[in-house]
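Taking the hints as your guide, dock the two standalone chains into a single complex.
Line by line, the protein sequences are chains R and P. End of the first sequence sits at 134 in my numbering; the numbers just go up one at a time, nothing left out. End of the second sequence sits at 318 in my numbering; the numbers just go up one at a time, nothing left out.
Do not rely on the hints blindly, as some may be mistaken.
[As the list claims (entries may be wrong)] Chain R is faced by these chain P residues, among others (derived, beta-carbon under 7 Å):
id	residue
1	Pro84
2	His85
3	Glu95
4	Glu107
5	Arg110
6	Ser118
[As the list claims (entries may be wrong)] EDC-like cross-link-like pairs, simulated, lysine to aspartate or glutamate; straight-line CA separation at most 20 Å:
id	chain 1	residue 1	chain 2	residue 2
7	P	Lys119	R	Glu115
8	P	Lys62	P	Glu72
9	P	Lys62	P	Glu39
10	P	Lys119	R	Glu52
11	R	Lys108	P	Asp108
12	R	Lys108	P	Glu107
13	R	Lys108	P	Asp219
14	P	Lys77	P	Glu65
15	P	Lys119	R	Glu125
16	P	Lys119	P	Asp130
17	P	Lys266	P	Asp206
18	R	Lys108	R	Glu52
19	P	Lys145	P	Asp135
Hints listed in this document are in silico derivations from the structure and should not be mistaken for laboratory results. All C-beta atoms in this analysis are idealised placements derived from N, C-alpha and C, irrespective of residue type, glycine included.
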Amino acid sequence: MTTAPELRSKRLQSGGFTLLAGVALLLTACASAPLPPTVALDAAESAIGNAELANAGRFASAELAEAREKLSRANSAASNDQMIAAKRLADESKLAAELALARTEAAKAVAINTELSRGFDALSEEMQRAGDQR
Amino acid sequence: MSTTTLRRFRFSTLTAALVLSATLAGCATTPRSPAGAEEVRAKLSRLQSNPDLSTRAPIAIKSAEAAVLLAEQPESKQDPDLGPHRVYMAEQAVEIAIAKATTRFAEDQRAGLSEARSKARLTARTREADQARVDTEVARSDADKAREAALLIQNAADQDRASADAAAEQAAQAAAELQRQIDALKAEATDRGLVLTLGDLLFAFDSAELKSGGTSTLDRLVTFLNEYPERRVAVEGHTDNVGSADYNQRLSQRRAESVSRYLQNKGIARSRLDANGMGQDVPLVSNDSESGRQQNRRVELIIDNPPPSAVAATPPPS
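Same shape as in the complex, but just chain P (with noise of 0.2 Å):
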C-alpha cells in the first residue's frame, strides 16, 4: 500500500467528476436561464396570485409550473434552439393554464348568476302573486260590490214586485169598490153596461121636473161618476102606452134631458151624457096592468162599460 496509489485513485476520482461536469457542462456551459423564462415565470406568478383563476384549474397550472421549472433550466451551447422551445412550451402552458381557470371562473360565476336569475325571478314571481292576491281580492270586492248591486236590484225588483202586488191589490180593491159602489147604485149589469132604473116615482104625472127627495139614487150615480170619470152614461126615457105615441116620445125625451140636466148641475161634463127619449116602444113589462104601466114609466141610466183598456191587447189586423 502505497501513497502514490492513493494519490492515483484520487486523481483518477478527480479526473472522472472533471470529465462528468465537463460533460454535462456540454449540455449547459453557461449556468443562465434562456431568454423570455422570467418572463414566463412572471407570468405564470401572476396567475398563482390571481384569487379568481389559481384555484380553478389545478392540473393545467401544475403543467405550467413543470415547464416554466424547465424552461428556467440553464440555456445549451450544444443545442441553442431547446431553451426557446423550452420557453415557447412554458409560455403555452401558462396560457393554457390562464384559459381553462379563465373558463372554470366563467362557469362558476354563470352558477352564481343563475342563482341570482333563479333569486330575481322568485322575487318577481312573489311580487306578481302578491299581486294576483291584491288583484283578487280587488276582483273580490268588486265581486262583492257587484252581488250587493245585484242585492240592490233584486231588492228593487223585489220592491217592483211588491207595489205590484200592491197594485194589484189596489186593483182588486179597487174592483171590489167598483162592486160596492154597483152594489151600492142597484144597478144591474147588463151586456150594455150597467143599468140603473129610476122608477115614475121621481117624476110627478105628465112632468118631466124631478121630484125633489127623489134623486138619492142619482146623486148615488153622481158620486159612482165622480169615482170612474172614464164611464159614459146613456140616458134613457121610456113610458108606457097611455097616450100618443109621439106624445110619450116627446115626455120620454123630456124626462130623459131632464135627468141629464141635473146630472150636469151635479158637475157631470155634458160629453159624458147622451140623453134619448125611447118612447113606449121598448117596455119592459106588459102594459095590460097598472102595475106593469108603472114599471114600464121608467128612466134607465146605462153606465157604459170601461172600454176596453190598454193593458188588453189590440187585436191584430186582419
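Chain R extracted, bound-state conformation (with noise of 0.2 Å):
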C-alpha cells in the first residue's frame, strides 16, 4: 500500500513529464523544419510569375528584383539545409513579389486616370470653346 505521500509524488512525478513534454514542444517549434520549404518556394515563383504577367518589371521593377533575389537565396538555403531561412526567404520572396504585383496595378489605374482626366480636360476646354464660339 502506497502511502499518500508517495501517491502525491508519483502524481507530481506525471506533471512533471508533462510540463517537459510541453517544454519540449515550444522548443521544437522554435527548432529547424527538416524538409525544404516546397510549398512556400513554389508561392514564391507563382507570385513572381504573376508580377511578370502584369508587367511588373516596367512598373515595379525594385520589388521584382528583389522578390527574385529573396527566391533565388531562399534556395540556396535550401541546398544549404537551412530550411527555416529558405522558408522565410521564400515568404519574403512572395511578398515581394505581391506588392510588385499590386503596385504595378496601382500604377496601372492611376495612369489610365491621369489619362482619362486629361481627356477630361481636354474635352472640357473643347466645349468651353465651342460654348465661346456662340
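This is the structure we're talking about:
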C-alpha cells in the first residue's frame, strides 16, 4: 500500500513529465524544420510569375528584382539545409512579388485616371471653346 | 497529510512555472519589439487613418494588421533573424495594403470621372442639340425667306405673265384696232398689201389737181399712217384708154405725185411714199363702157404689209 505522499510524488512526477513534454514541444517549434519549404518556394515562384505577367518589370522593377533575389537566396538556403531561412526567404520573396504586382496595378490604375482626366480636361476645354464661339 | 508535502507540491509547481517561463523566455528574452516594428505600426496607422484608403482594401489591411502585430512580438535571442523577418513581412503587407487601396481608390475615382465625363458629354450634347435647334430655326427662317423670295419671284412672274397677257391683249386690241382702221379706210386686203382705191371723182377732168372736199379718204389714210409709222405706201396712178398711152402715162404719174405731195403736206415722210404712173396698162375692168372706163381711172394706194417682225424666226441660211 503506497502512502499518500508517495502517491502525490508520483502524480508530481507525471505532471513534471507533461510539463517537460510541453517545453520540448515549444522548443521544437523554435527548432529547424527538417524538410525544405517546397510549398513556400512554389508560392513565391508563382507570385513572381503573376507579377511578371502583369508587367511588373516596367511598373515595379525594384520590388520584382527583390522578390527574385529573395527566391534565389531561399533556394540557396534550402540546398544548404537552412530550411528555416529558406522558408522565411521564400515567404519574403512571395510578399515582395505580391507587392510588385499590387504596385503595378496601382500604377496602371492611376495612369488610366491621369489619361482619362486629361481627356476630360480636353473635352471640357473643347466644350468651353465651343461654348465661347456662340 | 503533512505541511512538507504541501510545501513540496507548491515548490514543484513554482519550479515548473519557472522552467516554463524560462523556456518561453528562451524564445524572447527581452520584451522589446524588433527594430522597425514601430515604423511599420506607424505606417499602418497612417493607412488606417487615411479616409481615401482606409476602407478600400479591408482584407489586405487586416492581413497587414496581423503581420504588424506579429512584428511587434518581442525579439528572440535564440532566433535573432525572426524579428527582422517579421518586420519585413509586416512592411510588405502594409505596402501591399496601401497599393491595393490606392488601386481601388483610383478605380472608384474613375467611376466618378466617367460620370463627370458623361455629364459633361451630356451637357455638350444638350448644347449641340440646342445649337442644332437654333440652327434649324435659322435654317427654317432661311427657308421661309427663300420661300418668300420664291413667292416674290412667282408674283413677279405672274405679273410678267399678266403683263404679257396684257401685252397679248393689247396686241389683240391693236390687231382689232388695225382691222377697225383698215375697215375705216375701206381698204382691201390683197397679196400686195392693203389697197385703197381713190376714184376719179377726186380729180377734175384731165387735171392732176385734187378736188378739195374729196380728200376725206386721204385724210383717213394719213391718220392710219400716223398710227402705223412703219408702213410704207405705194401710190399708183391709173387711167382709161382714152388718149395716147404716153399722155395717159404722164397724167397717171402726175396724179400719183399729186396724191403723194398731199400726203407729204400732211406730215408723212417722203421716204415712206413711192409714186408711180401706171398709165392705161393696168385696167381694173374693160374700157368698153363708160362705167368701166370710170372704174379704171383711179389712184391706188397700196399700203405695205408690215415687214416681217423681229418675232418671226429668221429662216435658216440655205
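Hint check:
1. Because the smallest distance between the Cβ of Pro84/P and any Cβ of chain R comes to about 9 Å, over 7 Å, the interface hint for this residue is violated.
2. The interface hint given for His85/P holds, since its Cβ lies 5 Å from the closest Cβ of chain R, which is under the 7 Å cut-off.
3. With a cut of 7 Å, the hint placing Glu95/P at the interface with chain R holds, because the nearest CB-to-CB distance is about 5 Å.
4. Interface restraint check: Glu107/P against chain R, minimum CB-CB distance 6 Å, threshold 7 Å, status holds.
5. Interface hint at Arg110/P: satisfied, since its Cβ lies 5 Å from the closest Cβ of chain R, which is below the 7 Å cut-off.
6. Hint status for Ser118/P relative to chain R: violated, with the closest Cβ pair at about 10 Å, above 7 Å.
7. Under the criterion of a C-alpha separation no larger than 20 Å, the hint pairing Lys119/P with Glu115/R is consistent with the structure, at around 18 Å.
8. A distance of roughly 15 Å separates the Cα atoms of Lys62/P and Glu72/P; the hinted pair therefore holds under the 20 Å criterion.
9. The suggested pairing of Lys62/P with Glu39/P holds, with an alpha-carbon distance near 17 Å, which does not exceed 20 Å.
10. Restraint check: the Cα-Cα separation between Lys119/P and Glu52/R comes to about 38 Å, which exceeds 20 Å; the hinted pair is violated.
11. With a CA separation close to 14 Å, the supplied pair Lys108/R and Asp108/P stays within the 20 Å bound.
12. Restraint check for Lys108/R and Glu107/P: satisfied, since their Cα atoms lie roughly 10 Å apart, inside the 20 Å limit.
13. Taking the CA atoms of Lys108/R and Asp219/P, the gap is near 115 Å; set against the 20 Å cutoff, the hint is violated.
14. Restraint check for Lys77/P and Glu65/P: the C-alpha separation of about 24 Å exceeds 20 Å, so the hint is violated.
15. Between Lys119/P and Glu125/R the CA atoms are separated by roughly 14 Å; this keeps the pair inside 20 Å, and the hint holds.
16. Under the criterion of a C-alpha separation no larger than 20 Å, the hint pairing Lys119/P with Asp130/P is consistent with the structure, at around 16 Å.
17. Our distance criterion of 20 Å between C-alpha atoms is broken by Lys266/P and Asp206/P, whose separation comes to about 25 Å.
18. Between the alpha carbons of Lys108/R and Glu52/R the distance comes to roughly 14 Å, so the proposed pair stays at or under 20 Å and holds.
19. With a C-alpha separation of about 15 Å, the suggested pair Lys145/P and Asp135/P falls inside the 20 Å cut-off, and the hint holds.
Going through the hint list in order, the structure does not satisfy hints 1, 6, 10, 13, 14, 17.
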